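Visitor: Residue numbers (my numbering), protein chains in the order written: chain A, 1 to 90; chain B, 1001 to 1272.
Keep in mind the hints are simulated off the structure, nothing from the lab.
Mixed in with the good hints, there may be bad ones.
[Stated by the list, open to error] Which residues of chain A face chain B? A few of them, derived with a C-beta cut under 10 Å, are:
#1 Leu-12
#2 Arg-13
#3 Cys-19
#4 Ile-27
#5 Gly-32
#6 Gln-34
#7 Glu-35
#8 Leu-37
#9 Ala-39
#10 Gly-41
#11 Ile-46
#12 Arg-52
#13 Leu-66
#14 Leu-67
#15 Phe-68
#16 Val-80
Small disclaimer: the values here were computed from a predicted structure and weren't measured.
Think of the CB as a built atom: it goes at the ideal place given N, C-alpha and C, for glycine as much as any other residue.
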Amino acid sequence: MKDLEGPVAIILRYGVLACALLFAAGIAAPRGMQEVLFACGTGLLIFVPAARVAWLAVVFLLRRELLFGALSLVVLMMLVCGVFAGHGIG
Amino acid sequence: MLFELALIAAAALAGLLGSMIGLGGGVFIVPLLTLLFGIDIRLAVGASIVSVIATSCGAAPGLLRAKLVNIRLAVVLETATVAGALAGVAVSGLVGTGTLYILFACVLFYSAGAMFFGKDKFQEQLEGSAATGRFDGHYHDKRLARSVGYRVRALSLGIALMWLAGVLSGLLGIGSGVLKVPAMDRVMGLPIRVSTATSNFMIGVTAAAGAGAYFARGDVQGPLAAPVALGVFAGAWAGSRLVPSLKASTIRIVFSVVIAAVAVQMFLRGVG
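The task is simple: from the sequences and hints, build the whole structure.
Guide: This is the structure we're talking about:
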C-alpha cells in the first residue's frame, strides 16, 4: 500500500498486454472469430483505465486520503455513465 | 493482411512519437488514417480514441517506475478531462467533417506555436523535501544527477484548461496531450518531464471516457481499431523508454516541427 506507482503500473502493463494478445489473435483468426476477439480486446482496453481508477480509489480511501478517493470514485462513475450515454447519442 | 501490417507499422510510428512528447498518438493517428489511408475522419476518430488508451497504458508503467508521474494531481485533473470528454462526444454528432479537420488543424497550430516560441524557463526547482504542498512533488533528474522539486500553481485555471482538453479529446479522438502538456508546463509550472509523464498517465482515462461512448454507439470498427491499437502500443512502449534520457529542448523541437507539418495537411484537407 505504501507504493502507489507499482500496483498501478502492473494493472496497466498486464491489462494492455492482454488486449494486445487479443488483437494479435484477432488479426490471425478467421472472420467470425475475428469480430469476437476484436470486440473483447476493445472492451478490455476501455476497462483497463477504469480498473486503475478503481484501484486508486480503494487505495486512497484506505489511506484516508478522502479527497483523492472521492475524486477517483467520481471519475469512475463518469466512465460508467459514458458507456450508457453512448447508447443515447448519435 | 498487408493492409493490417501497414496500419500496424504506421501506428507504431505514431505511438513512438506520441509517447516521446507526452501525447496519446491520436494527434498523429487521425491524420495518418485520413491523409495516408483515405479513411473517413469519423471512423478514424473512433479507431484513434481506442489507440490513445493503448498508448497511455503502454507508456505509463515505464513513466511510473521512473517516478515522473504526479498521481494525485492527475486524479484531480482527470475529473475535469473526463467530464469534458463526455461533453465532446455529446456534441461530436453535430459537427461537420470539414469543421472537424479545421478544428483539428487549429489545435495543432496552437500547440506547435506554444511549444516552439516558449522559452526553456527554469522551473521553481527545490531540493527534494522542500516541496511541501498537497500537489507538489519531486523527481530524479538523470541529467542533473539530483532530485528536483516543483510547486504546482494556478490549479483552478489548470482544471479549466483540462476540461477544454477533455472536450477536444471526445470530439477529435485525441488524448489532448497537445493541450495538457502546455497547460501543465506553462500554466501550472510543472517541469516538462513531469508534464509529459502526467499527461501520458491521464490520457488513457480521458480517452476511455470517450471510447466507451463511441464503442457503445458503434463507431469503433474492430478491423481498423485493433491493428492501430496494436501498433500504437508497441510504439508507445519504445517511446516511454526514451523520455527519461531526452533533453527538454529536444522534446520541444520535435513536438513543434512534427505537429506544425501535420497541421498544414489537416487544414488543407478541411478547406479543400
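Visitor: State for each hint whether it applies.
Guide: Verification of the hints:
no. : hint   : verdict
1   : Leu-12 : holds, 5 Å
2   : Arg-13 : holds, 4 Å
3   : Cys-19 : holds, 7 Å
4   : Ile-27 : holds, 5 Å
5   : Gly-32 : violated, 12 Å
6   : Gln-34 : holds, 7 Å
7   : Glu-35 : holds, 6 Å
8   : Leu-37 : holds, 8 Å
9   : Ala-39 : holds, 6 Å
10  : Gly-41 : holds, 6 Å
11  : Ile-46 : holds, 5 Å
12  : Arg-52 : holds, 8 Å
13  : Leu-66 : violated, 12 Å
14  : Leu-67 : holds, 8 Å
15  : Phe-68 : holds, 5 Å
16  : Val-80 : holds, 8 Å
Checked against the numbered hints given earlier, this structure breaks hints 5, 13; the rest are met.
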